[in-house]
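Undergrad: Each chain, letter by letter, is given below.
2 protein chains.
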Amino acid sequence: MIPQEIMDTLKNSKSIIILPHISADGDALGSSLALALALQQENKDIKLYIEEEFPQMYSFLPGKELVSIYSDDNTNDQRVFNGETVIALDTGDIGRLGKRAKIFNNAIHKINIDHHPTNTYFAEMNYICENASATGEIIFQLIKAMDIKFDVDIALCLYTAILTDTGGFKYSNTTSLTHLIVSQLVSYGIDISAVSFRIFDSISENKLKLIGSAINTIELFENGKIALITITKKMIADSGAIEEETEGIVDYARNISGVEVAAFVKEKFDNEVKVSLRSNSYIDVSQIVNKYSGGGHKRAAGCTLNTSLLETKKIILNDLIKAVKSRM
Amino acid sequence: MIPQEIMDTLKNSKSIIILPHISADGDALGSSLALALALQQENKDIKLYIEEEFPQMYSFLPGKELVSIYSDDNTNDQRVFNGETVIALDTGDIGRLGKRAKIFNNAIHKINIDHHPTNTYFAEMNYICENASATGEIIFQLIKAMDIKFDVDIALCLYTAILTDTGGFKYSNTTSLTHLIVSQLVSYGIDISAVSFRIFDSISENKLKLIGSAINTIELFENGKIALITITKKMIADSGAIEEETEGIVDYARNISGVEVAAFVKEKFDNEVKVSLRSNSYIDVSQIVNKYSGGGHKRAAGCTLNTSLLETKKIILNDLIKAVKSRM
Chain A
1221 MIPQEIMDTL KNSKSIIILP HISADGDALG SSLALALALQ QENKDIKLYI EEEFPQMYSF
1281 LPGKELVSIY SDDNTNDQRV FNGETVIALD TGDIGRLGKR AKIFNNAIHK INIDHHPTNT
1341 YFAEMNYICE NASATGEIIF QLIKAMDIKF DVDIALCLYT AILTDTGGFK YSNTTSLTHL
1401 IVSQLVSYGI DISAVSFRIF DSISENKLKL IGSAINTIEL FENGKIALIT ITKKMIADSG
1461 AIEEETEGIV DYARNISGVE VAAFVKEKFD NEVKVSLRSN SYIDVSQIVN KYSGGGHKRA
1521 AGCTLNTSLL ETKKIILNDL IKAVKSRM
Chain B
1221 MIPQEIMDTL KNSKSIIILP HISADGDALG SSLALALALQ QENKDIKLYI EEEFPQMYSF
1281 LPGKELVSIY SDDNTNDQRV FNGETVIALD TGDIGRLGKR AKIFNNAIHK INIDHHPTNT
1341 YFAEMNYICE NASATGEIIF QLIKAMDIKF DVDIALCLYT AILTDTGGFK YSNTTSLTHL
1401 IVSQLVSYGI DISAVSFRIF DSISENKLKL IGSAINTIEL FENGKIALIT ITKKMIADSG
1461 AIEEETEGIV DYARNISGVE VAAFVKEKFD NEVKVSLRSN SYIDVSQIVN KYSGGGHKRA
1521 AGCTLNTSLL ETKKIILNDL IKAVKSRM
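Going line by line, the protein sequences match chains A and B.
For the first sequence, this note's numbering assigns the number 1221 to the initial residue and increments by one for each residue that follows.
For the second sequence, this note's numbering assigns the number 1221 to the initial residue and increments by one for each residue that follows.
Read the hints as simulated data drawn from the structure, not as lab findings.
Keep in mind it's a predicted model, so treat the numbers as computed, not measured.
Careful, some of the hints might be misleading.
For chains that are exact copies, the list does not tell them apart, and a pair is met inside one copy or across any two.
As the list claims (entries may be wrong) - Only pairs whose alpha carbons sit at most 20 Å apart, straight line, appear in this in silico DMTMM-like list of lysine to aspartate or glutamate:
{"id": "1", "residue 1": "K1322", "residue 2": "D1367"}
{"id": "2", "residue 1": "K1429", "residue 2": "E1442"}
{"id": "3", "residue 1": "K1390", "residue 2": "D1421"}
{"id": "4", "residue 1": "K1454", "residue 2": "E1531"}
{"id": "5", "residue 1": "K1518", "residue 2": "D1411"}
{"id": "6", "residue 1": "K1429", "residue 2": "D1471"}
{"id": "7", "residue 1": "K1429", "residue 2": "E1480"}
{"id": "8", "residue 1": "K1445", "residue 2": "E1425"}
{"id": "9", "residue 1": "K1390", "residue 2": "D1373"}
{"id": "10", "residue 1": "K1518", "residue 2": "D1504"}
{"id": "11", "residue 1": "K1488", "residue 2": "E1464"}
{"id": "12", "residue 1": "K1429", "residue 2": "E1439"}
{"id": "13", "residue 1": "K1545", "residue 2": "E1442"}
{"id": "14", "residue 1": "K1264", "residue 2": "D1367"}
{"id": "15", "residue 1": "K1494", "residue 2": "D1471"}
{"id": "16", "residue 1": "K1445", "residue 2": "D1421"}
{"id": "17", "residue 1": "K1511", "residue 2": "E1271"}
{"id": "18", "residue 1": "K1542", "residue 2": "E1464"}
With the hints as extra help, turn the sequences into a complete structure.
TA: Here it is in structure tokens:
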């Protein structure tokens, strides 16, 4: 249940600023844009500040005319210095607002709506719903509870929010309520196949080339329980792919039938090698990266080693073999 | 609305045979197993006959003890010759029952439940719901209308049916009702991330190798509107992949940003080359394959040419260039 205090504050505010987290993803952007569009219908003066460029991937989302990239220097929006109501969305802690923490701190009324279990309750009014697959689910309920009319634009933003944070309704955070909400969103006439294609299937020629050459490097060990996939500086340069396009490539190794743990070893410089580890069911990869001051979770973790590519592979493979053998 | 006649027939039958279509896919198997499990709860004598081996990919589905592979020679099931009630599921026409058409024809009561718009209404009692994303949606409604209790096994079968026929809720056949039904299925406690991984992400080492080498063959033409991806006999042999593992590889070419039409050219023998075409928005690929006695739809079609690999590529590329240019 959305706290009445939050709904009352939004109803009674003439001016509202919405802040998604830095490096805004589909949920942060989709939730923020949906709320912006909904509150605009209520004749509020709405502004949505983001930290970086609007991601190309989400350029199809409606409501972008309400969005500005925040900069300390060039703002002449008085609300930044003396805002009425500011709402942080999908933001686990105030640090995730980046430079825009200033806007948040200057506000009269501060609201924090999120679904991360690690949320620090940094506002006056906090509504954290850990069971929600996405902040988009909470915004759906907020808009409904405030009795604001849905339209296809709001529905598209919320659909995108939920679609991305559930990995296309595939992750275990997807619940019965998630599908119930999506059922209502879809009824507003979203072109779901176009959205899915854009988010999950569309790929640049360069990234595809890099994937092709990365697949060719896959090595299996310990009866196929361990998979290693390697990317060198040269492979990235030859493909023409950009740095961020190496994301997700580790999954090609993890998804091989029989693999328990996959390592993606990426040469950044001659003696700087990034390692991403993924496990499927029992190996706690966060324990492995801890030795190298890395971080992450049981099933997904990473670290950087200041050794050569070859040496890094040896070290990590050794760790993975030990981890696999300890379970035999 | 499920016809009362069908429900009455099922209620009044002691023995019921269920038949999914040949080369049974997730929807055919999932719907059939769900119905089998539900009717078994009603103390019916249930048998599910399939044409081929149970697909490894779906081995996690419950209810397999009710399944037999049909063979003309070895059956001693009297119902095959003189069945009470037989129900064909997800089967567009009687030809899609293969050898098991005999079981269908021998039955006293014949039922046909399907969602293919091309269904030929080949039974006495037909219920064809073209708006259903999957036959699984119809079986959900049938079980509900017959007031049979759902459990996690039935839910898993129907979830798998709908998941596969909607490509993971991504295809345009996914409706508001689809998500509403899935919302109810998920509430029975399905491990949705495990099912999705198994169906969409898990891949054999050999198939992955083949994908890697196939990606390396991609060629773009006409400012990136046309993509060609090639697989030779040697590539298949070198990878160790089996024939059916070439399926879906065409999508790597189609998904490249900017590509309108993709051709997957697969050398089967020296002068037998299979061509699969996919388009994204405007080229009608069925028109192209028609020239070579192929078949399919506007966005997905295929044909076989009895020319060399090189010659086939030339011919098809020429057709694709013409098709793209005619739209400029």
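Undergrad: Since the copies are identical, ignore which copy is meant and state whether K1390 and D1421 lie within 20 Å (CA to CA) inside a copy, between copies, both or neither.
TA: both (15 Å within a copy, 10 Å between copies)
Undergrad: Can you tell me if K1429 and E1480 fall within 20 Å by alpha carbon in one copy, between copies, both or neither?
TA: For K1429 and E1480, the Cα distance is within 20 Å only across copies (18 Å; inside one copy 26 Å).
Undergrad: Between the shortest in-copy and the shortest cross-copy C-alpha distance, which are at most 20 Å for K1542 and E1464: within, between, both, or neither?
TA: So K1542 and E1464 fail the 20 Å test inside a copy (31 Å) and across (36 Å) alike.
Undergrad: Using 20 Å as the alpha carbon limit, work out where K1518 and D1504 are close: within a copy, between copies, both or neither.
TA: Result: close within a single copy only, 4 Å intra versus 48 Å inter.
Undergrad: Within a copy, between copies, both or neither: where do K1322 and D1367 come within 20 Å Cα-Cα?
TA: Close neither inside one copy (31 Å) nor across copies (59 Å); limit 20 Å.
Undergrad: Check K1494 against D1471 for me: Cα-Cα at most 20 Å, and say if that holds within a copy, between copies, both or neither.
TA: within (15 Å within a copy, 30 Å between copies)
Undergrad: Cα distance capped at 20 Å. Does K1429 pair with E1442 within a copy, between copies, both, or neither?
TA: between (29 Å within a copy, 19 Å between copies)
Undergrad: Could you figure out if K1445 and E1425 sit no more than 20 Å apart (CA to CA) within one copy, between two copies, both or neither?
TA: Intra 31 Å, inter 12 Å, cutoff 20 Å: inter-copy only.
Undergrad: At most 20 Å between CA atoms: does that hold for K1545 and E1442 within a copy, between copies, both, or neither?
TA: Result: close within a single copy only, 9 Å intra versus 53 Å inter.
Undergrad: With 20 Å as the alpha-carbon cut-off, assign the pair K1445 and D1421 to within, between, both or neither.
TA: For K1445 and D1421, the Cα distance is within 20 Å only across copies (16 Å; inside one copy 28 Å).
Undergrad: With identical chains, the pair K1518 and D1411 could be close in the same copy or across copies; at 20 Å between alpha carbons, which is it: within, between, both, or neither?
TA: between (36 Å within a copy, 19 Å between copies)
Undergrad: With 20 Å as the alpha-carbon cut-off, assign the pair K1429 and D1471 to within, between, both or neither.
TA: both (16 Å within a copy, 14 Å between copies)
Hint compliance for this structure: hints 1, 17 and 18 are broken, all remaining hints hold.
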